[in-house]
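Given the sequences, and given the hints that come with them, work out the whole structure.
Those sequence lines, one after another, are chains A and B.
Be aware that the first sequence starts at 1283, since it is given in the numbering used here, and climbs by one per residue.
Be aware that the second sequence starts at 16, since it is given in the numbering used here, and climbs by one per residue.
No lab work stands behind these hints, which were simulated from the structure alone.
Owing to the predicted nature of the structure, the values given are computational and were not obtained by experimental measurement.
Do not rely on the hints blindly, as some may be mistaken.
[As the list claims (entries may be wrong)] Covered by chain A, per the in silico footprint, the following chain B stretches (three or more residues, Cβ under 8 Å):
1. 24-38
2. 57-66
[Unchecked claim] Listed next, with one range per pair, are the computed distances between beta-carbon atoms:
3. B:Arg82 - A:Arg1359: 31 to 37 Å
4. B:Lys67 - A:Met1301: 41 to 47 Å
5. B:Ser29 - A:Thr1302: 44 to 50 Å
6. B:Thr20 - A:Gly1298: 36 to 42 Å
7. B:Arg124 - A:Gly1345: 26 to 32 Å
8. B:Pro25 - A:Thr1368: 18 to 24 Å
9. A:Gln1299 - B:Glu31: 39 to 45 Å
10. A:Pro1343 - B:Pro55: 27 to 33 Å
11. A:Met1309 - B:Gly44: 35 to 41 Å
12. B:Arg82 - A:Thr1287: 26 to 32 Å
13. B:Arg124 - A:Lys1291: 19 to 25 Å
Glycine included, each C-beta is placed from N, C-alpha and C at the ideal position.
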Amino acid sequence: NAGVTQTPKFQVLKTGQSMTLQCAQDMNHEYMSWYRQDPGMGLRLIHYSVGAGITDQGEVPNGYNVSRSTTEDFPLRLLSAAPSQTSVYFCASSQQGSQETQYFGPGTRLLVL
Amino acid sequence: GNSVTQMEGPVTLSEEAFLTINCTYTATGYPSLFWYVQYPGEGLQLLLKATKADDKGSNKGFEATYRKETTSFHLEKGSVQVSDSAVYFCALSAPDNAGNMLTFGGGTRLMVKP
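Here is the structure:
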């Protein structure tokens, strides 16, 4: 099992550009989510999905879109990048249940100039 | 709302020293509690968890006990190693929350010197 994979590992964007961060998992997990990590703030939830075709907003959704067409993939789209979106982005997946372990990808480091 | 507070770092220790990282939480009901660890350049991985009051999670010499009366989940290790140098995150997952959302503390960086 590869677990949770993310691409790219690092990206530099100019303000106003768009891009898609890719996330895939091979554990057949129903739940997937995107977090951003900023210094001193831990991780904050951007969007999540409880199954194919179902997505919802987390704590900090503005400026981001998601879709879930398959169980395996959960891409995160930045429509018009802003410097405030400079961060490290982590994708995670889990089975259903609040006691379940979340499995995290290695992260994508994004710099918006 | 739910929140997690953990001690700010960095925490610098010598090898074989005793480690405590404090974590307290605010939540309704009985959340599940987690400690995740992030090694340099990597994603987060589960270190240990506890899903009900008085449960003790343990792994790799680390331990934490779910204390409902003090709303705490402090991380301890009796003898740290250089390889334990990492950032440690305390987190909670409220029961019946949509998407299994985790609420994280700010993280504590641990540096262990030989």
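Structure-based check of all given hints:
1. Counting residues of the segment 24-38 of chain B whose beta carbon lies closer than 8 Å to any beta carbon of chain A gives 0, which falls below the threshold of three, so the coverage claim is violated.
2. Here's how the segment 57-66 of chain B fares: 7 of its residues keep a CB closer than 8 Å to some CB of chain A, so the rule of at least three is met and the hint holds.
3. Against the hinted window of 31 to 37 Å, the Cβ-Cβ separation of arginine 82 of chain B and arginine 1359 of chain A comes to about 42 Å, which falls outside the hint.
4. Range check, lysine 67 of chain B to methionine 1301 of chain A: about 42 Å between beta-carbon atoms, so the 41 to 47 Å window is met.
5. In this structure, serine 29 of chain B and threonine 1302 of chain A meet the distance hint of 44 to 50 Å, their C-beta atoms being roughly 46 Å apart.
6. At about 37 Å, the CB distance of threonine 20 of chain B to glycine 1298 of chain A agrees with the hint of 36 to 42 Å.
7. For arginine 124 of chain B and glycine 1345 of chain A, the Cβ-Cβ distance of about 28 Å falls inside the hinted range of 26 to 32 Å, so the restraint holds.
8. For proline 25 of chain B and threonine 1368 of chain A, the hinted distance range of 18 to 24 Å is satisfied, since their beta carbons lie about 23 Å from each other.
9. In this structure the supplied range 39 to 45 Å is violated for glutamine 1299 of chain A paired with glutamate 31 of chain B, their Cβ-Cβ distance being about 50 Å.
10. Checking the proposed 27 to 33 Å range against proline 1343 of chain A and proline 55 of chain B shows it holds: the Cβ atoms sit about 29 Å from each other.
11. Separated by about 28 Å at the C-beta atoms, methionine 1309 of chain A and glycine 44 of chain B break the suggested range of 35 to 41 Å.
12. Restraint check, arginine 82 of chain B to threonine 1287 of chain A: a C-beta distance of roughly 37 Å breaks the suggested window 26 to 32 Å.
13. Separation of arginine 124 of chain B from lysine 1291 of chain A is about 22 Å and conforms to the stated range, judged on CB atoms against 19 to 25 Å.
Hints 1, 3, 9, 11 and 12 from the earlier list are contradicted by this structure; the remaining hints agree with it.
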